[in-house]
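Enquirer: Sequence:
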Amino acid sequence: MFNFNLPLRIFQLILAIIALGLNGHVTSWYLHHTHPSTTPSAPPYLVSVGTSTLLTLPYLFLNPVLAGGNKPNGRFFNKWLILALDSATCLLWFAGFVALAVFHRGLILCGPCDVMVGAVIVGALAWATFLATTLLASLHIMRTRRGSGEQTHAGWVGTQESVQI
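With the first letter of the sequence shown counted as 1, position 36 gets the number 36 in UniProt numbering; the numbers rise by one all the way through.
Calculated directly from the structure, the hints in this document are not laboratory data. Possibly wrong hints are sitting among the right ones.
To be verified - So the derived label-pair ranges between C-beta atoms look like this:
1) TYR59 - LEU135: 12 to 20 Å
2) LEU55 - ILE141: 19 to 27 Å
3) PHE4 - GLY106: 31 to 39 Å
Built from N, CA and C at the ideal position, the CB exists for glycine as well.
Working from the sequences, and respecting the hints, build out all of it.
Expert: Okay, structure coming up:
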């Protein structure tokens, strides 16, 4: 089986950077063209979600890579922490893109409408990728729940090593 961890994590990194740019532009537009108290809360929230994603991705990406080889469990690899970070980030992206979509739908006049639509699409894609990695981490936990401490977690996302029963 193909290891999905690397491509999904790289795609999540790219989406987080794009979301930072798009939502930063929308936030800046509202701060400069409207009264600061009328600035919507969804774009700055998505900026903070993108920032938190950039802070969690090094752990989510590097731990399965460093836990590879024949080392049992890796030094800092914790499958429960990876599941928790993936699930929390998945929920944050879901709340953010839904809030921005609801805000955009209620607008009558809109300055950065195209940028906001792009931010909703990028947020939905980021949510979908984190949903996928959350499901893959859950599958890994289910596959390794009966095992001893000697199991390797190198292929925790879809490689041949993770199909041990």
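Enquirer: Now tell me if each hint is right for this structure.
Expert: Here's how the hints hold up against the structure:
no. : hint                       : in the structure
1   : TYR59 - LEU135: 12 to 20 Å : 19 Å, holds
2   : LEU55 - ILE141: 19 to 27 Å : 23 Å, holds
3   : PHE4 - GLY106: 31 to 39 Å  : 37 Å, holds
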